[in-house]
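Participant: Sequence:
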Amino acid sequence: YSAFDRPSMNQNAHFCSVDPMMTSLLKRLFRFFSIQGWANSTQRVLFPLILCMLFGEGVHAQYPQPDHGRLFDPDNVSRFDVQIPTDSLNALLDPSNAYSNHEYRVTAVYTDPQGSDTLHDVGFRLRGNTSRNAQKKSFKISVNRFQDGRRFKGVKKINLNGQHNDPSISRAYFSWKWGRILELPVSRSKHSELYINGNYYGLYVHIEHINDDWLKPRFGNDDGNLYKCIWPADLTFISSNPNDYKFTRSE
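Reading the sequence shown from the start, the letters are residues -8 to 242 in our numbering.
It is worth saying that the hints were derived from the structure and are not from the lab. One or more hints might be untrue.
Here are the simulated distance ranges between beta carbons [as the list claims (entries may be wrong)]:
no., residue 1, residue 2, range
1, Q126, L217, 18 to 24 Å
2, S91, R142, 23 to 29 Å
3, D78, N234, 36 to 42 Å
4, Y236, N212, 17 to 23 Å
5, N234, D66, 41 to 47 Å
6, T227, N135, 30 to 36 Å
7, D225, V68, 23 to 29 Å
8, T227, D139, 32 to 38 Å
9, N232, N88, 43 to 49 Å
10, N188, D108, 15 to 21 Å
11, N124, Y191, 19 to 25 Å
12, Q74, A163, 35 to 41 Å
13, H111, G215, 19 to 25 Å
14, N188, S231, 38 to 44 Å
Note that the Cβ used here is the ideal one computed from N, Cα and C, for glycine as well.
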């Protein structure tokens, strides 16, 4: 419950303000949940944040939140139609290629209540780690794969997560939504349907890709290092040289 004890996370940002009597009650509740074993390490972090949202006078951070825009408008379910040669689709879904990042040239059509946009010559591949062996795959559409610098409504990559281990297909979505409410630097997301060669592949969560385009509107620049966790990440120290941690080129 350190969030209750420290009114701010740094000298420039007000984090959470709660009435002193309410603070005492919330601390007692948190101790009770911990004693009963109902709070794991993750819940111990989230519990104060949730209570601040419910009972606090305000939760503020320093990170600006980009507009949803048409691509991430949460008020509708968009649709992606991917047209890919049959032999390429068979190769993409071949279990022996589960961990291949080869991008196949496809045509993708994006549809929402405002209309449709067709993207010719974009890359299409599997994405994720454990989901690659799941029945419901996750996919990535690379708008700039065959045309460097190309963007679609401000993004170079489109991530379609199948959420194969979440029957609700909503847990991650609501996590990002909470992060946005808390004004944390999180990706925009929304639900989208995916069709491949006219066949319905299911409801997906379209998640904003984290790259230089993601950094600029949230931090004002894209300077410095951007790290990505790659399985199996064991956090082993290699050296003090950042270049020793690079495995692939930055996207």
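Participant: So, for every hint listed, does it hold in this structure?
Facilitator: A quick look at each hint next to the structure:
1. Q126 to L217: 18 to 24 Å: The hint (18 to 24 Å, Cβ to Cβ) is violated, given that Q126 and L217 are roughly 32 Å apart.
2. S91 to R142: 23 to 29 Å: Holds, at about 25 Å.
3. D78 to N234: 36 to 42 Å: For N234 against D78, whose Cβ atoms are near 39 Å apart, the range 36 to 42 Å holds.
4. Y236 to N212: 17 to 23 Å: Between Y236 and N212, where Cβ atoms are some 21 Å apart, the hint holds.
5. N234 to D66: 41 to 47 Å: 44 Å, holds
6. T227 to N135: 30 to 36 Å: 32 Å, holds
7. D225 to V68: 23 to 29 Å: 38 Å, violated
8. T227 to D139: 32 to 38 Å: 34 Å, holds
9. N232 to N88: 43 to 49 Å: With Cβ atoms ~33 Å apart, the hint is violated.
10. N188 to D108: 15 to 21 Å: Holds, at about 19 Å.
11. N124 to Y191: 19 to 25 Å: Hint holds: Cβ distance 21 Å, inside 19 to 25 Å.
12. Q74 to A163: 35 to 41 Å: Taking Cβ atoms as reference, Q74 and A163 lie about 28 Å apart, which means the hint is violated.
13. H111 to G215: 19 to 25 Å: Violated, at about 35 Å.
14. N188 to S231: 38 to 44 Å: 49 Å, violated
Of the hints listed earlier, those the structure fails to meet are numbers 1, 7, 9, 12, 13 and 14, in rising order.
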